[in-house]
Amino acid sequence: MNAEDLRWRRQLARELTIRARAPTREVMSASLSFGGKARRIGITGPPGAGKSSLIALLAKQWTERPSKVGVLAVDPTSPLSGGSLLGDRIRMDEISANSNLFIRSLPSGNTSDGLCPNILSLLDAFDEAAFDHVILETVGVGQVSYQAKALVDTFVVVLVPESGDTVQAMKAGILELADIYVVNKADLPAAAKIAAELRSIALWRGRNESWVPPVILTSATDNRGASELSDAIASHRKASLTEERMAALAIARREYLLRTLLLGQIDELLARNRTELQHLPLAESLRALIAGLGSGADVTSKSR
Amino acid sequence: MEKLRGKRIIIAKPGLDGHDAGAKIIALTLRDAGANVIYTGLRKTPDYIARVVIDEDADALGLSILSGSHNALVAATFESLRKFGGEDIKVFVGGTIPASDHETLKQLGVVAIYTAEMKLDHVVASLAEHLGVTQGGHER
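Going line by line, the protein sequences match chains R and L.
First residue of the first sequence? That's 1 in the numbering used here, and the numbers climb one at a time after it.
First residue of the second sequence? That's 1001 in the numbering used here, and the numbers climb one at a time after it.
Among the hints, erroneous ones may be present.
Claimed, not checked - The calculated DSSO-like cross-link candidates involving lysine-lysine, where the alpha carbons are at most 30 Å apart (straight line), are:
{"id": "1", "chain 1": "R", "residue 1": "K193", "chain 2": "R", "residue 2": "K149"}
{"id": "2", "chain 1": "L", "residue 1": "K1119", "chain 2": "L", "residue 2": "K1090"}
{"id": "3", "chain 1": "R", "residue 1": "K68", "chain 2": "L", "residue 2": "K1119"}
{"id": "4", "chain 1": "R", "residue 1": "K149", "chain 2": "R", "residue 2": "K238"}
{"id": "5", "chain 1": "R", "residue 1": "K60", "chain 2": "R", "residue 2": "K193"}
{"id": "6", "chain 1": "L", "residue 1": "K1024", "chain 2": "R", "residue 2": "K60"}
{"id": "7", "chain 1": "R", "residue 1": "K60", "chain 2": "R", "residue 2": "K149"}
{"id": "8", "chain 1": "L", "residue 1": "K1083", "chain 2": "R", "residue 2": "K60"}
As the list claims (entries may be wrong) - Derived, one-sided and incomplete: chain L residues facing chain R with beta-carbon distance under 8 Å:
{"id": "9", "residue": "I1025"}
{"id": "10", "residue": "V1037"}
{"id": "11", "residue": "Y1048"}
{"id": "12", "residue": "I1054"}
To be verified - Here chain R is said to cover these stretches of chain L; the calculated rule only asks that three of the stretch's residues, wherever they fall, bring their Cβ under 8 Å from a Cβ of chain R:
{"id": "13", "segment": "1002-1014"}
{"id": "14", "segment": "1026-1034"}
{"id": "15", "segment": "1055-1066"}
{"id": "16", "segment": "1090-1098"}
Hints listed in this document are in silico derivations from the structure and should not be mistaken for laboratory results.
Bear in mind the structure is a predicted one, so any value in this text is a computation, not a measurement.
Using N, Cα and C, we set each Cβ at its ideal position, and we do this for glycine too.
Just need the whole structure built from these sequences, with the hints factored in.
Quick look at the structure:
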């Protein structure tokens, strides 16, 4: 790695730490772009679906072009200790010496949407560092990570033959949001069946839309499907990169940010007033909290 | 308690030994103390580890070594850290490290050595001290 590579790498690493830890007021005063040069790809799916391995396949393709690829890999924070064990890197081993690749492991923190605090400003950092792609790997949740859809340009949902039938995934609503379906571990016997089911869902969804989500079969063990997936992402980008959609995405990202900031303030207020809230009737507690959100004031027994 | 809250700590296994039960126990212990622990997996080169230190902007690096080559591996890791400009990180070592080698490792720059017979609470408290945590820690 040359000196120039090291310089931007260290700078980006530091910047990501600062942004991940930034308190609410700093996030509000920062200017966010809600989407820049780097193409944003979201990867979601149940735990163990092979999201990290799939990202390794994609990143290998793209870094060899060459293009600069950033990965933000989110793993769950323990609700008990606030600590986390971040292990997504292990699956990206083969490619991680590539100087065009930058991987950052992130704890999900106090969020419950499979993402992590200040995610929008973390994504922006890759635009500022002139990256071509940034891949966002959500926590392996499946049933709540639909928030990620608005934050990325292309949303990939990964399923595996052992996920059971697609009804599980349909319940979760995540299937309605995918721009691309991936059936990973396609070397397993039930892969063709789940792919067929997904294809019929894709056709159903495509009846009113110009984009029919493709179903890609991948397998990290025999390196299968990487170029098909990469092509599908490029086609989706081409098909969807209208001014109208970009404007809609910017609005959705702005709304997401406001919502997370608001939720953050609610959490702070609740934590600060834990004792006071024990002693008030529910309706009064709620009233005092809503007032507190507006004024920044704590809940006191005087709010009776 | 959550003494290490918000600290980013890498647990790495340099060299060729293939046993990581100890590394995993330390990783879980540090997580339970509130740290964000990044585990690299087995058999990593010093350059690889130094690169992870930079990308992850970590506060501490734990090297788990059971192969007996700790002196050479730790020296090589410090060399890689210097090459990448990551020598400011606090490095600790765990594994089967005979007492006669502790001084050599400290000379190389290691801040602490943790061996199997140590209480896990002691490891957490000692690391917190090396990382300058006073009471509980406050960073997210």
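Evaluation of the provided hints:
no.: 1; hint: R:K193 <-> R:K149; verdict: holds (26 Å)
no.: 2; hint: L:K1119 <-> L:K1090; verdict: holds (20 Å)
no.: 3; hint: R:K68 <-> L:K1119; verdict: violated (44 Å)
no.: 4; hint: R:K149 <-> R:K238; verdict: holds (17 Å)
no.: 5; hint: R:K60 <-> R:K193; verdict: holds (28 Å)
no.: 6; hint: L:K1024 <-> R:K60; verdict: holds (28 Å)
no.: 7; hint: R:K60 <-> R:K149; verdict: holds (24 Å)
no.: 8; hint: L:K1083 <-> R:K60; verdict: holds (25 Å)
no.: 9; hint: I1025; verdict: violated (12 Å)
no.: 10; hint: V1037; verdict: holds (5 Å)
no.: 11; hint: Y1048; verdict: holds (7 Å)
no.: 12; hint: I1054; verdict: holds (6 Å)
no.: 13; hint: 1002-1014; verdict: holds (count 5)
no.: 14; hint: 1026-1034; verdict: holds (count 7)
no.: 15; hint: 1055-1066; verdict: holds (count 3)
no.: 16; hint: 1090-1098; verdict: violated (count 0)
Checked against the numbered hints above, the structure breaks hints 3, 9 and 16 and satisfies the rest.
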